[in-house]
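Residue numbers (this note's numbering), protein chains in the order written: chain A, 1 to 473; chain B, 1 to 369.
Note that these hints are calculated values from the structure, not bench results.
Quantities reported herein were computed from a predicted structural model and do not represent experimental measurements.
Treat each hint with caution, since some may be false.
[Unchecked claim] Okay, the calculated bits of chain B under chain A, using three or more residues with CB under 8 Å as the criterion:
1) 55-61
2) 213-220
3) 224-230
Heads up, the beta-carbon is just placed ideally off N, CA and C, and yes, glycines get one too.
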Amino acid sequence: MNLIQITSAALGSLAFRFLDKDRNKEKAIFIANIFFLFLLQPNSSLRSLNVLLPWATIFLILAVGLGVSGTSSRQEIAQIALFSLSGFLPFVLPEFFPGLKTTVLDKNINQTVLGIFLLGSVCCIAVLARIKQKRSYLLFFLAFILVLFVILKQPAISTWASRGWRILFQQKGELASSLDLRWIGYSYIAFRLIHVIREFQKGRFQDISLLRYMNFCLFFPALSAGPIAKYDDFSQQMQQPVNTVESSLPEGGERLVIGLFKKFVLADSLALVALNSSNAGQITSTGWMWLALILYSLQIYFDFSGYTDIAIGLGLFLGIRLPENFDHPYLKSNLTKFWDSWHITLSQWIRAYFFNPLNRSLRKSKLAKSPNSILFLTQVSTMLVIGLWHGITWTFAVWGLWHGLGLFIQNRWSTYARNHFLKVRENPKLEKGIQILSTVGTFLYVSVGWVWFLSTSMPQACDIFLKLLGKGF
Amino acid sequence: MQKPIINVWRVIGKACLVLLIINFAFPLLSFLHFPTVSLYNHLYPGRQRLPFGENPSLSYNLTLNDIDAMLASHVVANSDPGAGYSIFVIGDSSIWGTLLENRDTVPAQLQNAVNAGKQTNAPVRVYNLGYPTSSVLKDLVLLDEAMQYQPDMVIWFVTLNSLIKNSYQEAPIVLNNPEKTNAVIERYGLDTELLPERTYWEKTFLEQRRDIYDRIRLQILGSMWAATGIDQYIPEEYTPATRDLETDDSYQYLEGHTLSENDLDLSVITSFIAQNPSVRVIVVNEPILISSGANSDLRYDLYYPRWTYDTYRALISAKFEEMEIQYIDLWDVVPETLFTNSAIHYDAQGVDIVTEKLYSFIMKDIEEP
Chain A
1 MNLIQITSAA LGSLAFRFLD KDRNKEKAIF IANIFFLFLL QPNSSLRSLN VLLPWATIFL
61 ILAVGLGVSG TSSRQEIAQI ALFSLSGFLP FVLPEFFPGL KTTVLDKNIN QTVLGIFLLG
121 SVCCIAVLAR IKQKRSYLLF FLAFILVLFV ILKQPAISTW ASRGWRILFQ QKGELASSLD
181 LRWIGYSYIA FRLIHVIREF QKGRFQDISL LRYMNFCLFF PALSAGPIAK YDDFSQQMQQ
241 PVNTVESSLP EGGERLVIGL FKKFVLADSL ALVALNSSNA GQITSTGWMW LALILYSLQI
301 YFDFSGYTDI AIGLGLFLGI RLPENFDHPY LKSNLTKFWD SWHITLSQWI RAYFFNPLNR
361 SLRKSKLAKS PNSILFLTQV STMLVIGLWH GITWTFAVWG LWHGLGLFIQ NRWSTYARNH
421 FLKVRENPKL EKGIQILSTV GTFLYVSVGW VWFLSTSMPQ ACDIFLKLLG KGF
Chain B
1 MQKPIINVWR VIGKACLVLL IINFAFPLLS FLHFPTVSLY NHLYPGRQRL PFGENPSLSY
61 NLTLNDIDAM LASHVVANSD PGAGYSIFVI GDSSIWGTLL ENRDTVPAQL QNAVNAGKQT
121 NAPVRVYNLG YPTSSVLKDL VLLDEAMQYQ PDMVIWFVTL NSLIKNSYQE APIVLNNPEK
181 TNAVIERYGL DTELLPERTY WEKTFLEQRR DIYDRIRLQI LGSMWAATGI DQYIPEEYTP
241 ATRDLETDDS YQYLEGHTLS ENDLDLSVIT SFIAQNPSVR VIVVNEPILI SSGANSDLRY
301 DLYYPRWTYD TYRALISAKF EEMEIQYIDL WDVVPETLFT NSAIHYDAQG VDIVTEKLYS
361 FIMKDIEEP
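Build the full structure now, drawing on both the sequences and the hints.
Here is the structure:
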């Protein structure tokens, strides 16, 4: 979101808070969610995609929703269809408010394609609404969400998909790029959908409101950068009157201002001088390389946590308290504490839907017997999944492994140290000193790990490591 | 403990009041000279050329309006007046070095030539004070500010576009610095209309926010300049200067095939020389692209019809001779093939040719300062 979009969202949220008085809270938020879904969708060089992807998001969420909502009435579905028309507003409003949409809107939409897509989706929804076998229905969508995820996150496959799309719509196939398929918020929406499906499968959701569930998946403050809320928390707050959220307005304002400062002042300024894949080859000394890397660590933190603050601030304006995502991660004294305070909701999600099930199944299986091997497998594979969530490439995979191995070694070392260095605890000064050294060490370990994260290829990452070691200039 | 209840309206009211006070007090704080406070020449090395760039994330450089901040970031701000012999080279983008790395610009190559050829032990430093857009008034505004560093010699590259009357209207750095420009116009008694000065409101914090932001960005970008030595994004491919020309042989506002001394701002140079007798000034007519493409019998290049440019050369040559101003005409020394993306931009090979000619001309001055 840019500054104008955030300001518009804040003003709109405040207006809603003062004018609506909770009468149509859920409907108003749904309309806003749809509006921002279309507004924030980046333009693509692929014809009609900037309209089709938001529609696809709505239909995908609706299709899963039909599987979990139980007894959704026709009236509710009709309401959702009607309010979804607000998705056309981003094509009209920027004419009156230039700057609302940062990129020039592609209005060259193939109306036949759009018509076929909408009609086909509506027919699908009508058919899906009649399916009674919820278990296989939801399993299908679980697989479908993951397949889509792989297509979007694996550069070679997304380039191939882009080429196919181009050929289908008579565009130049050779211009296809993995960047063509940018689907706003898909990563986070996929997490929310999997969360809802899994909780439904576990029998925790009996009957959920379709509109509330769609608001949960599409909640615009958290659409593009999280945090990943839990449906129960969201639903509970949605049912409360806005004004009952204690002191949420001043707190929301404070979080919004802090977020704007972090993102647009600190992160954007640091972006000018932080290490990136373009300037990595231009830096001419080891000292500057380290400094640029440290600045990148700070930039990515301020950028991400700034967006989270903005999301939490906007959420509070609307009477929804989103979960915290960061808790001073760079001030933590070991890697486990770092991951408990960095992108907290992602860690919690992965723990709930990957780490814990894997851990349980490994304990039951005959393959891994020793606790250490189970710990190793679960930690490394969990971090590998987190790495691959950012993109299915070697560099992200190695970044995940870097943290997985780091967590395992730190865990083993902590256990060893706890049993062998008891005297340290008796000396507060020494303990404090070790605490400071551990914090610096953890920060440096995380920072060096960012090299894998920011590099576009393995050779580039190796070049950066060589330069950090004073070689390769 | 119970949380204190916050009155939102009171917080907003106080914030607005503080903003208003800062906003309107800001112009009164100008005596503090914020722009001259710079990390360059202290934390980072000074820049070899003045800040200019449209794409900061690639060039690690930016265009800003604040001349004080620009000079404070330049290596010249670290010079020691009186220690050795200093040469300021001024002019337009051909001197600044569009599409040229720092080491390949005319001032940098001149420095190399001086280092290689000089017989004396006294240090000689050549400074690049060129800045894009062709205007002698723009040159003078920058030079006037840089005079605090006491140059011994000024090599002033000019061309018809920079000398034609009112060329400063194409120079944003002049238009955005009306106070400095008007001071220069008055001090040198130039025959140029004064620019409308900024109102109090235009000097307030809110109106100046972009300039303040640019000053901060200039300091931030210094670290990438120090880390990489890059201050310009040079693309691998660019649109070459036009060689095939239109049949039109008109030049700017001139009517009929007439160009007289009154159409030129020669007084900018002559006044500077008159008021700074201790500074040796050499005026150079900079090289231009002499096209061999279509209609090259009518025009030399996209900028200049033949008749206008020939008249201009004859006029300034006679004038500078009459006033005993050192003048060197290098208009045709660079072959057509060495020009890059404009009729005044040439590559490193072209720079070598210009430097060689220039060095042999000024060598005597450098050897016997």
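So, going through the hints one by one against the coordinates:
{"no.": "1", "hint": "55-61", "in the structure": "holds (count 4)"}
{"no.": "2", "hint": "213-220", "in the structure": "holds (count 3)"}
{"no.": "3", "hint": "224-230", "in the structure": "holds (count 6)"}
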